[in-house]
Amino acid sequence: MLKKIALTCCVAASLSACKQEVVGTLYVRDLLEVLETKKDIPVDISINIYEMGIAKKCNDPKSDQIVKAVAAQFQSATLAGCEVVKGSMRDRMTIKATTVLTAPEGRELSPGKYLLQFDAMKTPVTNNNKQVDGLFFIAHFSRDKYEEIRKAIRAVDMMANIDLEEVDVKISINNDLRSDVVVIPTIGSFVDGHPVDVDNVSLTLQPRKEIEAVFGNVKSASLTMNQWAAVATLFEPDSSDKAATSQ
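Residue 1 is where the sequence shown starts when you use the working numbering, and the numbers rise one by one after that.
Hints should not be assumed to be uniformly reliable.
[Unchecked claim] With a straight-line Cα cutoff of 25 Å, these simulated SDA-like cross-link-like pairs (lysine to any residue) come out:
#	residue 1	residue 2
1	Lys-209	His-194
2	Lys-39	Ser-110
3	Lys-209	Thr-186
4	Lys-62	Tyr-146
5	Lys-122	Val-196
6	Lys-113	Tyr-146
7	Lys-113	Lys-145
8	Lys-170	Thr-204
9	Lys-219	Val-201
10	Lys-170	Asp-197
11	Lys-62	Asp-44
12	Lys-57	Asp-91
13	Lys-39	Thr-123
14	Lys-170	Ser-110
15	Lys-57	Arg-92
16	Lys-122	Asn-226
17	Lys-38	Thr-25
18	Lys-170	Met-225
19	Lys-130	Pro-237
20	Lys-38	Glu-108
21	Lys-113	Thr-224
22	Lys-122	Thr-25
23	Lys-151	Gln-227
24	Lys-68	Lys-145
25	Lys-209	Thr-233
26	Lys-39	Val-125
27	Lys-68	Lys-113
28	Lys-219	Gly-188
29	Lys-219	Thr-204
30	Lys-96	Asn-59
31	Lys-56	Arg-150
32	Lys-145	Thr-78
33	Lys-151	Val-67
34	Lys-145	Ala-103
35	Lys-96	Lys-145
36	Lys-39	Ala-71
37	Lys-219	Gly-106
38	Lys-122	Phe-190
Since the hints were made in silico from the structure, they are not lab data.
Can you make the complete structure from the sequences, with help from the hints?
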């Protein structure tokens, strides 16, 4: 199943106060598949650029050049369209791009293939004094590709910029299996609105259910400064096992 992510950024020096966010859904089946096959799974991304009057610039040659600058740091990208946002002073330009969910070899952080991607790794998990197979996944950000995009955009317009230094990250985990999955979110996130500030907080995610993990400020800063941020650990429990919280 293809994951959908909305990456909101601001292009224009005057929009430093604009809200920027990454909103996405990762499916358990895809996380298991990428670890088994070691083959990248495509991820659809919507890049929304908010700016006053940008809806009138869809046919501007500069807009096409901005899309090309973004496309160079992803598998592909196309301009989906522009629209006036009701109740807002800023219009929206939407660029559709494609990134990946990967299963890298080893634990060392290798250079990212794209500006933003997700990496999954196998990990042992202790559950009820037993060790079981689990998986661990992270959001992976490339500062090199970030700088390349910024340079390309400034080449189009010296007054333009893309600023992802402060970004809100919201990632939903959807259980599309036929059995329960235990999710252990990492410290520094809000899970369905509840802060996670201790280790080993776990909850059971039933089939066709999902939770939303929102990065706190420190975790969001880690994503852009350290180029990665942990999202969660998952494992499939035995039928007799019970997690701390049921969804």
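Would the hint linking Lys-170 and Asp-197 be met if the CA-CA limit is 25 Å? Status holds; Cα separation ~17 Å.
Proposed proximity, Thr-25 with Lys-122 (alpha carbon, max 25 Å): Status holds; Cα separation ~20 Å.
Taking 25 Å as the top limit, are the C-alpha atoms of Lys-151 and Gln-227 close enough? holds (19 Å)
Hey, Lys-57 versus Asp-91, does the alpha-carbon distance stay inside 25 Å? holds (10 Å)
Take the C-alpha atoms of Lys-209 and Thr-186, compute the straight-line distance between them, and say whether it is at most 25 Å. Holds - the C-alpha atoms of Thr-186 and Lys-209 are around 19 Å apart, at most 25 Å.
Has the given pair, Lys-39 with Thr-123, been kept, meaning a C-alpha gap of at most 25 Å? holds (18 Å)
For the pair supplied as a hint, Lys-96 and Asn-59, is the alpha-carbon distance within the 25 Å limit? OK: Lys-96 and Asn-59 at ~16 Å, within 25 Å.
Given the hint that Lys-38 pairs with Thr-25, does the C-alpha gap stay at or below 25 Å? Measuring from Cα to Cα gives roughly 20 Å; hence the hint holds.
Just to be careful, I want the Cα atoms of Lys-56 and Arg-150 compared with a cutoff of 25 Å; is the pair within it? holds (23 Å)
Does Pro-237 sit within 25 Å of Lys-130, going by the straight-line distance between their CA atoms? Answer holds: Lys-130 to Pro-237 is near 11 Å, not above 25 Å.
If you draw a straight line from the CA of Lys-145 to the CA of Thr-78, is it 25 Å or shorter? holds (18 Å)
Compare the distance between the alpha carbons of Lys-170 and Ser-110 with 25 Å, and conclude whether the hinted pair is satisfied. At roughly 24 Å apart (the allowed maximum being 25 Å), Ser-110 and Lys-170 satisfy the hint.
In this structure, none of the earlier numbered hints is contradicted; all agree with it.
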